[in-house]
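A.B. asks: In case you want the letters, here they are:
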Amino acid sequence: MKTLEEIRKIRESKKKELELRVNTKADTREKHILVCHGTGCTSSKSNVILENFKNIIKERNIENVRVIKTGCFGLCAKGPIVIIRPEDTFYAMVTPDDCEEIIETHIVQGKTVDRLLCKDIDGSIVNRLDDLNFYKKQKRIALKNCGVINPEDIDEYIAFDGYLALEKVLKEQSRDEVIETVSKSGLRGRGGAGFPTGKKWELTKAVEGEQKYVVCNADEGDPGAFMDRSILEGDPHCVLEAMAIAGYAIGANKGYIYVRAEYPIAVQRLKIAINQAREYGLLGKNIFDTGFDFDIDIRLGAGAFVCGEETALLESIEGKRGQPRIKPPYPAASGLWGKPTLINNVETYANITKIILNGADWYSSIGTENSKGTKVFALGGNVNNIGLVEVPMGTTLREIVYDIGGGIPNGRDFKAAQTGGPSGGCIPKEHLDTPIDYESLKEIGSMMGSGGMIIMDDTKCMVNLARFYLEFTVSESCGKCTPCRIGTKRMLEILERLCEGKGEEEDLEKLDKLAHMIIKSSVCGLGQTAPNPVISVMRYFNEEFKEHAIDKHCRTSECKAISKITINSELCKGCGLCQKSCPVNAIEGEAREVRKINQEKCIKCGTCLSKCPFKAIS
Amino acid sequence: MKCNEQVQEKFLNEEIFTVYKQDKDNLIQILNEVQEHFGYIPKYTQKRLSEFLNMPMAEIYGVITFYSRFTLEPKGKYTISVCLGTACFVKGSQKILDRLKERLKIEPGQTTADGKYSLDETRCVGACGLAPVFTVNGEVYGKATVQKIDQVLDELEGRESK
Amino acid sequence: MEKVKLTIDNKEVEIEKNATVLQAAKKAGIDIPTLCYLKEINEVGDCRMCLVEIEGRRGFTASCIQKVEEGMKVRTNTPEVMEARRMMLDLILSNHPQDCLTCVRSGNCELQSLANQYNINEIQYKGERIEHEIDDLSPSIVRDTNKCILCRRCISTCKNVQKIGAIDCVNRGFESCISTVGNESLNNVNCTFCGQCIKACPTGALHEKEEIDNVWEKLRDEDTIVIAQTAPAVRAGIGEEFGMPIGTNAVGKMVASLKRLGFDKVFDTNTGADFTIMEEATEFVDRFTKEDNLPMITSCSPGWVRFIEKYYPDMLNHLSSCKSPHQMFGAIIKSYYAKKEGIDPSKIYVVSVMPCIAKKYEKDRPEMEVDGIRDVDAVITTRELAKMVKQANIDFVNIEDSEFDSPMGEATGAGAIFGTTGGVMEAALRTAQELITGKELEKIDFESVRGEKGIKRAEVEIAGKTIKVVVAHGLGNARTVLDEMKEGKVDYQFVEIMACPGGCIMGGGQPIKSSKTRSEVDVRKLRAKALYTIDEKSTIRKSHENPMLKKIYKDYIGEPGGELAEKLLHTTYSAKPKYDIGNE
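Chains as they are written, first to last, in the numbering used here: chain Z, 1 to 618; chain Y, 1001 to 1162; chain A, 2001 to 2584.
Don't read these hints as lab results, they were simulated from the structure.
Possibly wrong hints are sitting among the right ones.
Calculated pairs, DSBU-like style, for lysine-lysine (alpha carbon to alpha carbon, straight line, at most 35 Å) [said to hold, decoys possible]:
(1) Lys-1075/Y with Lys-1148/Y
(2) Lys-285/Z with Lys-320/Z
(3) Lys-601/Z with Lys-1021/Y
(4) Lys-1010/Y with Lys-2486/A
(5) Lys-2578/A with Lys-1021/Y
(6) Lys-1021/Y with Lys-2576/A
(7) Lys-320/Z with Lys-2259/A
(8) Lys-601/Z with Lys-1010/Y
(9) Lys-327/Z with Lys-2126/A
(10) Lys-502/Z with Lys-1024/Y
(11) Lys-327/Z with Lys-2576/A
(12) Lys-339/Z with Lys-2126/A
(13) Lys-510/Z with Lys-2126/A
(14) Lys-320/Z with Lys-2550/A
(15) Lys-2163/A with Lys-1024/Y
(16) Lys-254/Z with Lys-2067/A
(17) Lys-1024/Y with Lys-45/Z
(18) Lys-2067/A with Lys-2516/A
(19) Lys-1095/Y with Lys-2126/A
(20) Lys-254/Z with Lys-2017/A
(21) Lys-2310/A with Lys-320/Z
(22) Lys-510/Z with Lys-2290/A
(23) Lys-2017/A with Lys-1021/Y
(24) Lys-1148/Y with Lys-320/Z
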């Protein structure tokens, strides 16, 4: 247990010690080697890199150098990432074998290892992280500490104003004042639907009840989204602190974090963080000697997307099948074990401490009129800079795709961006200048969702994409209500028929009718939004649907049953790259000749399409 | 590998019955531990949990079959999971899966007859930057291609035949 | 209770604040169709048939669970709502076998009648159906998951009412289905064969294991003497299968029909019940005086017996050793009656017509035989009998009444009330009291043990001693009583337990009432009334005064509880594994 005084002291001394993390001009002889330990980089052996650094430093007896594991830096495509502070040198795609050279050249000789520097999209070599185009238009609020602190060291969190917001509310603010600040900030739920967070807190506070709960929804199931995971991995304490603040505001003394078991690193870091917070008395009884008790437990999900739906999540915490409850009553009135319960997602909580410390006005000055603050997106798919980005609301899709994301690889064209995952929709080229906010996205048939943003180039078949999403929904439907259980399956069957060239024109009408009925009739958010990807694709890419249904033709090579890959003899320059890449030797022709595809041999795998530098194959 | 009743009993006594309260709410937590420990949820364990938590076996079975992380059969020595998250899908993970199905001659969710390989689909392991990815016993292989799959399988085969 | 006003299809309705839109609509004379709804048992809003439009809401709302609100504006029949309902039916039917003509529930299927009502002539969204294996390994219940529509009425009944949970929802999404653990046969799991799930099922996914064909075969066999015996509750239910009002006592028509079907003799299990009372009351008096294994618990409900054997094997010593009435009666028919009539008992085929499907299992229990002769050979339910009557082209409603055959057809009013909760207790008390005091009772109605309350406790004064009795019906309530006993919270002397809520009149073999009927009419009360009326109108209302019984005891059995009585009329129990499914 630490007293408030002791916590303050830790903050002061650590702040000085860690200044080099955020200030390139920090007055220090120390160097910190930060090694990304997010799931992406860990998958590429960043843990080995960390160990190598440590061993080399120990063996060579190098002083004043520390090796720190951090959360995600964001630019996952360039991982594993190593950053050296205070100079902020950014090394990309580092391998364990590179450690020796980095130590020798950078640390010992004071020179940069040029070959490991990152090449930006425009071809320029970039020294510093902040100089990358990827970071220029970003604004990091929720991700503020990710990549800066060691998530497994509570002192580092405290150094960067950690637990200061909790101190502030417990010591200085009434419960209503806290809620008012959150309301005034304009923060809306980052889990998808965008319900005003302050309103939710207010509703839960207003319900009478001896026992209330605060729940953190960390069941990030949207395939292709990893915002919440990155926050939990990079800055777990900011979620714990925000939950405690919420607990104070609504009158709860118990919190649960429901997190996917598929996120072992996040779970591990949360466990460490909770234990450390308990040790310091920042969770538990009588926090800061104010009489406020609050503790948090972790509950693991077990692989069910529907548990991201708040009432299904509650069922799952209670140990049951994750079948959603009928609303009303809403969790604010009757949640966990029938008690008033506040549920917010990870990213929502990650904004809270910053709002408390910097004020509602500061927060609401960022973003658009109805969507305040920033939003984190997991940018993926056919885009150069795959990774985690945080942008102010109102940033356009074009800025994200081209300025931050660095555009589409292999010289292909942008076709669509998918946001909102299985509940969202596809945004076509003509809406690239749409500002990202809750209402605008909805208007163009998509939704904010939790933050997955998948970019697709022109080699992607949109009917097949719709099929992909329905396949996901069908396998993740809980099976409780008729429209979702059987209806989505029937939608999928129609889409499968279309992709196989067995569809009929009337299928399109049937699909549309069923989609709208499922939206209106389903019990929960999963069913009510499951048809969205199909509806949006039918809206913007209706031509492709018609081609599949009537002409039995897929303009990309994705629907193999109805696609034919051909080489445009006018565009082909005879380079032969396609021929080399073909796994079944179906491409014929001599050197420098225009190549031809032997349709009998071709298995329509599409490998040649991506290899052709002249877009001659389609 | 299947494990016998004594082994299960020992684990349950040491790690479950003495740790958890006899409360239905704990079912998923306990099942997560059992899955983690044995690699599946054995029938005998289900029966013992039914007694411990005072709930019908059918209800426990309903929970096990609802969550995709829980399995009723032991996994193979090597569990190969292909990520079918959107980022990986867009980058062609279906081809990776198709190749594995072809080589292992099993469907996702199944285990080869010799108990060596299990094939799974997962939804986003969170390594979207490396898409498409697959994992072998949790170890992530990024930027996967059909060639890479073949290489990994050949290597595992080689390891096995030694 | 506070009231709220709302409008439904432009009609204003005032109703209690906690009412649902469905209830309010009913009050306004509007019948919203339902499928998964089962009053007070399954109110979950899953099937989406009862969807309505509520002004100001985006999507449709399930009226069966939506509470009314002041000023709410509800529309139940807009074109969109009607289309949604058609779509739901289309989807359900797309995943349902199209073999209505050969289905056991044809004509009494809630899905079929909705499909008719909504004119579903062709299925729009055809697609994959998952094929399930049919489970017909148990002697009592057939589970045909192919016909299941996932309404979960069976689960709620089994898990929440009976507190058994033999079945539950397994898998997820389109692959969801109702199943036992590991899709084992009901025979091998914790199912007690009470059959309440069958009565909850709106379709043909759950039904009894029929024995009609065996019975027809024996009826056609000239060498076999086929004897029917009918349980008390059957007469209070069978009329419903022929459109007679609920609560009709159709005993005369039932007996006449059985005779027309070709049964050689038609006897009354009520007489068997009188034997049970003689034995049970005697056993009780004996145990009460010796204070031996008290409380004594009744054993005439085989679902209950299977329950205690599986769930409370350490309490089997409390169970009365009496066989159930039809087993006793079967044993007497094949011994006393056979001897008296000079028939080779092996040529007798006893068919029990029962409101119960657990009795199908009971008759197969190895204990249920005397010297290698099975007590009962076939058990058919009230529903099966009705089906046979229909197959034989018998005009049940207009057939002239007939009477049970003598000498085994004479029963008392006490025997009749066996068919309802509290009846066994009441009948036993009438006899026990007189056995103990030797004096005739002034008042023989024990109202405190009648009625719908799940657990009825009463104290009865006999010869200066207070006897504490309790009556429980439904296995959920049985569990409560047993737990109370186990914890030593109570000191009962006599306990009556029936597996089915309401007793035999509501047994798993009785006519199946639709969800709509169940929410509009108190079926239990009406059927019970029929039995209490029989009792009231009987000249003899105490089992021990049944002259035929006295004669059989005098001529053949000897003393109640005596040596021959033990052999013929009593049985033993043993602990049974809750799950007989192995460990691998």
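A.B. asks: Evaluate each hint against the coordinates.
C.D. replies: Hint-by-hint comparison with the structure:
Annotation: proposed proximity of Lys-1075/Y to Lys-1148/Y holds, straight-line Cα distance about 23 Å (limit 35 Å). Note on Lys-285/Z and Lys-320/Z: the hinted pairing holds, with a Cα-Cα distance of about 30 Å set against a maximum of 35 Å. A C-alpha spacing of about 63 Å is found between Lys-601/Z and Lys-1021/Y, which places the hinted pair above 35 Å, so the restraint is violated. Taking the CA atoms of Lys-1010/Y and Lys-2486/A, the gap is about 30 Å. The hint holds against a cut of 35 Å.
Proximity of Lys-2578/A to Lys-1021/Y is assessed by CA-CA distance (about 23 Å); at most 35 Å being required, the pair is judged to hold. Proximity of Lys-1021/Y to Lys-2576/A is assessed by CA-CA distance (about 28 Å); at most 35 Å being required, the pair is judged to hold. Between the alpha carbons of Lys-320/Z and Lys-2259/A the distance comes to roughly 54 Å, so the proposed pair goes past 35 Å and is violated. Between Lys-601/Z and Lys-1010/Y the CA atoms are separated by roughly 58 Å; this puts the pair beyond 35 Å, and the hint is violated.
Distance restraint check for Lys-327/Z and Lys-2126/A: the Cα-Cα separation of roughly 31 Å lies within the 35 Å cut-off, and the hinted pair is therefore satisfied. Taking the CA atoms of Lys-502/Z and Lys-1024/Y, the gap is about 48 Å. The hint is violated against a cut of 35 Å. Restraint check for Lys-327/Z and Lys-2576/A: the C-alpha separation of about 43 Å exceeds 35 Å, so the hint is violated. The suggested pairing of Lys-339/Z with Lys-2126/A is violated, with an alpha-carbon distance near 43 Å, which exceeds 35 Å.
At roughly 11 Å between alpha-carbon atoms, Lys-510/Z and Lys-2126/A fall within 35 Å of each other, so this suggested pair holds. For the suggested pair Lys-320/Z and Lys-2550/A, the alpha carbons sit about 58 Å apart, so the restraint of at most 35 Å is broken. For the hint pairing Lys-2163/A with Lys-1024/Y, the CA-to-CA distance comes to about 15 Å; that is within 35 Å, so the pair holds. Of the pairs offered as hints, the one joining Lys-254/Z and Lys-2067/A holds, with about 30 Å between alpha carbons and a cut-off of 35 Å not exceeded.
Restraint check for Lys-1024/Y and Lys-45/Z: not satisfied, since their Cα atoms lie roughly 40 Å apart, outside the 35 Å limit. Our distance criterion of 35 Å between C-alpha atoms is met by Lys-2067/A and Lys-2516/A, whose separation comes to about 19 Å. About 30 Å separates the Cα atoms of Lys-1095/Y and Lys-2126/A, which keeps this hinted pair within 35 Å; it holds. For the proposed pair Lys-254/Z and Lys-2017/A, the alpha carbon gap of about 33 Å is at most 35 Å, so the pair holds.
Between Lys-2310/A and Lys-320/Z, the direct Cα distance comes to roughly 25 Å. Compliance with the 35 Å bound is thereby established for this hinted pair. At roughly 77 Å between alpha-carbon atoms, Lys-510/Z and Lys-2290/A are farther apart than 35 Å, so this suggested pair is violated. For the suggested pair Lys-2017/A and Lys-1021/Y, the alpha carbons sit about 39 Å apart, so the restraint of at most 35 Å is broken. This hinted pair does not check out: Lys-1148/Y and Lys-320/Z have alpha carbons roughly 40 Å apart, beyond 35 Å.
Violation of the numbered hints given earlier is confined to hints 3, 7, 8, 10, 11, 12, 14, 17, 22, 23, 24; the remaining hints are satisfied by the structure.
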